[in-house]
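Reminder that position 117 of the sequence shown reads as 101 in the numbering used here, one-by-one numbering, no gaps.
None of the hints are false.
Distance condition first, Cα-Cα at most 25 Å in a straight line; then the derived DMTMM-like pairs of lysine to aspartate or glutamate:
id	residue 1	residue 2
1	K56	E13
2	K12	D(-2)
3	K2	E13
4	K(-13)	D(-2)
5	K2	E98
6	K(-10)	D102
7	K22	E98
Label pairs and their calculated CB-CB ranges:
id	residue 1	residue 2	range
8	A106	D28	20 to 26 Å
9	L26	Q91	17 to 23 Å
10	R44	D6	14 to 20 Å
Hints listed in this document are in silico derivations from the structure and should not be mistaken for laboratory results.
Please read these numbers as outputs of a predicted model, since none were measured by experiment.
We treat Cβ as the ideally placed atom computed from N, Cα and C, and that holds for glycine.
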Amino acid sequence: MPKNSKQIKDAIRDEYVKCALDPVYFMKEYCYIQHPVKGKLLFDPFAYQSRLLESYHNHRFNVNMLPRQTGKTTTAAIYLAWYAMFHPDQTVLIAAHKYTGAQEIMQRIRYVYELCPDHIRA
-15 MPKNSKQIKD
-5 AIRDEYVKCA
5 LDPVYFMKEY
15 CYIQHPVKGK
25 LLFDPFAYQS
35 RLLESYHNHR
45 FNVNMLPRQT
55 GKTTTAAIYL
65 AWYAMFHPDQ
75 TVLIAAHKYT
85 GAQEIMQRIR
95 YVYELCPDHI
105 RA
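Could you build all of it, start to finish, from the sequences and the hints given here?
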């Protein structure tokens, strides 16, 4: 455990840099989701969700063939939150075929952002 203020500042900076460079690390360490039964939970992604996030990060275009109700929207919302937080002066577009769908995604992004610790949040 860091003992003096310089060590604490260095630890905070290092943690911020880890989050800025690796969206999967950010997702596993700092992203909370709303579970319908259990409430607020730290997001514990399945392996395919981590690969999906890496695919979003490493490739400009993605085509994914995935079944319903597997956490695709949650994973995308977490990536969008990470992207907006760690890439200054970027615009993120949320498009859905119905307004309520876009609102729900925005609520998920806002939830992830608001529950991040102050030293990570922009």
